[in-house]
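Colleague: Make a model of the complete structure from these sequences and hints.
Number of protein chains: 2
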Amino acid sequence: MLPRKSLFELPDGMIYLDGNSLGPLARSVPGRLDQMLRDEWGAHLIKGWNLDDWMGQPARLGDRVGRLIGAPEASVVLGDTLSVKVFQALAAGLQMRPDRKVILSDTGNFPTDLYMAEGLIKQLDRGHALKLETPEDIAEAITAEVAVVMLTQVDYRTGRMHDMQSISERAAEVGAVMIWDLAHSAGAVPVDLTASGCEFAVGCTYKYLNGGPGAPAFIYVRPDLIEQIDPALSGWLGHAEPFAFEHQYRPAQGIERMRVGTPSVLQMTALEAALDAWDGVDMAELRDASIALSEQFIMQVEARCPELTLASPRDPLRRGSQVSFAFDEGYAAMQALIARDVIGDFRAPNIMRFGFTPLYLDADDVTRAADILADIMTTGSWDQPQFKTRSRVT
Amino acid sequence: MLPRKSLFELPDGMIYLDGNSLGPLARSVPGRLDQMLRDEWGAHLIKGWNLDDWMGQPARLGDRVGRLIGAPEASVVLGDTLSVKVFQALAAGLQMRPDRKVILSDTGNFPTDLYMAEGLIKQLDRGHALKLETPEDIAEAITAEVAVVMLTQVDYRTGRMHDMQSISERAAEVGAVMIWDLAHSAGAVPVDLTASGCEFAVGCTYKYLNGGPGAPAFIYVRPDLIEQIDPALSGWLGHAEPFAFEHQYRPAQGIERMRVGTPSVLQMTALEAALDAWDGVDMAELRDASIALSEQFIMQVEARCPELTLASPRDPLRRGSQVSFAFDEGYAAMQALIARDVIGDFRAPNIMRFGFTPLYLDADDVTRAADILADIMTTGSWDQPQFKTRSRVT
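Going line by line, the protein sequences match chains A and B.
In the numbering used here, each number is its position in the first sequence, counted from 1, plus 1.
In the numbering used here, each number is its position in the second sequence, counted from 1, plus 1.
In short, the hints are calculated from the structure, not lab data.
Nothing false has been slipped in among the hints.
Since copy identity is lost for identical chains, a pair holds within one copy or between any two.
List of simulated lysine-lysine pairs, BS3-like, C-alpha gap at most 27 Å:
1. Lys389 x Lys48
2. Lys102 x Lys132
3. Lys48 x Lys6
4. Lys102 x Lys123
Modeller: And the structure:
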């Protein structure tokens, strides 16, 4: 499978351990996008919707992403942002369980998922509640009063990974609808949505799938359920016949009904080119490579940086494709690392986060990153004013 | 002001009368986007959010679009699709009038606006109703039972234009919230949102503003209202402190609270470059040029094509920047025109639609288009099987 490093544009000397936040530019993207601009939009203008099948992109890309997450053909569609797709899945899940009032999630979920739930609950104003448990206690909290369980499989802070199979089965046992957010899973770990039996999954494509900043989100609906779903955001491109311009909404057949408005063709085109790097990748093999890299990093860092405490599960089978260390001065230490071209990121209050992406990272990169981190920690060179000023985004 | 035709990539020999559906590629876009890909995403990766201020794009572009629609600084933000922005405006409007149950629109509104209203009503399940009147009767239908009036200023089929000022005033008189959809207005006709007093406006940027397929939508909120709005789609980038990763939603100050998820940076960058073509454009002057072109087209077509019936208002002050003709075989006639590189579009059941965009169209183009249309009509060359097969998008 590997190495595929040559498929990516990586700045000389940079060791990029932040593909779990924003993947790098695949070399195929600029040329493909330039061609789309000039030969499709520029040359065909409005005719591009037909000639270049821009209209078919959301479903076509859905199938390509679907293959990486164990979803059958025509069960995944691309569009909007992850927040919007979370909203659609949640609204559909609550529709399916009108007599239950609890949305259950965990305290490790990414905030936007919780905010969207909060907004939906307020809007519905029907006595729903968002209940948060710690990740460790979530399985037991899945009871028959729960309408929807909404979890991000891999915790954005710690990398701790839920067991998708057993939690999905637990939800099914008590009749709760299961929504998985795969933001840190798609392209990071093997996922088998079909086997899990979950009702919905959502995710983004700008992390491990390298679609670029603002790349579209995706939504999966279990195929046997799609025809009963009345989409909450009933936009014209989810209509059965968008170009009939009817006054009443009629949902499209199949997963297309989860589309909302005009697709972001430029973003989709960049993603389409970036996905070429995934052709022929075996997810089990990728997972082995990812575990080898993260185990190596933990070993090298723990041997030389006693100030850092592993914040990720020690068992590699219980974490995704990232490793986090807690350190009270983690913000400054991460800035010092970034200044030396080792790019990870910081998550408040004290998490230094490192992503492992075997498509473009190898053991030498990991050794160099650990060496530089050890140097920063042993010399205390992070302890300088310029590393302590907080910027808006890290 | 004009000509600015040289700023656009227009295929040789093509006369493009569909800028009201998808604007052409501005010459500045490919270079700017390539630079963004290589020098921002490619070189800076995650740091681009800060270094290249991707995070500030939605508000920065909001100000640029705002200048074209009479909106003050910091009252417009870009993001998502028009459907999603319609949903946000509608939900906020209904929140503001909890005791009223009617959303009023007209039968000429673009379907997605109606579908989003229908979906929101179903979701709220509180007895709201969507009431449709004909465009001609809309003013009288604005009564004290109406919670929200939602209108597209310029009718996508006929080009008929509502009087924004008098309708907004009528809504204000009876205490209804006014939402204007400016899809066919922004960059087409002078708009003064501040003077209108309306509460909300939404629109897209891929038509007259030439942002490209999938370019982001925009939303305007009257500045005195924004702090009381509890956004329906409460995503993390509308949070007061997105990077504090709090468990509870707290809306950002000002228009930023109408943001939802991660901005589509590639689309925004293309739009940003395309908007350069609008620098220094006087909207009154542009409007004069647009009227001159459309008047010329109507005169030339009516003189030679008696089969076609003007479907747009004859008074240029009552139409936007497009002209429509009704013809029972309009689909085939439009295909015949397109085959001769005059690009307009067809809207069911019988509308041939032509957009006038003075940034890149002049009187010679209009004469040539009218000549070719007259030739097709007088020779009956549209009456051929290849022009009658319907494709998915027109």
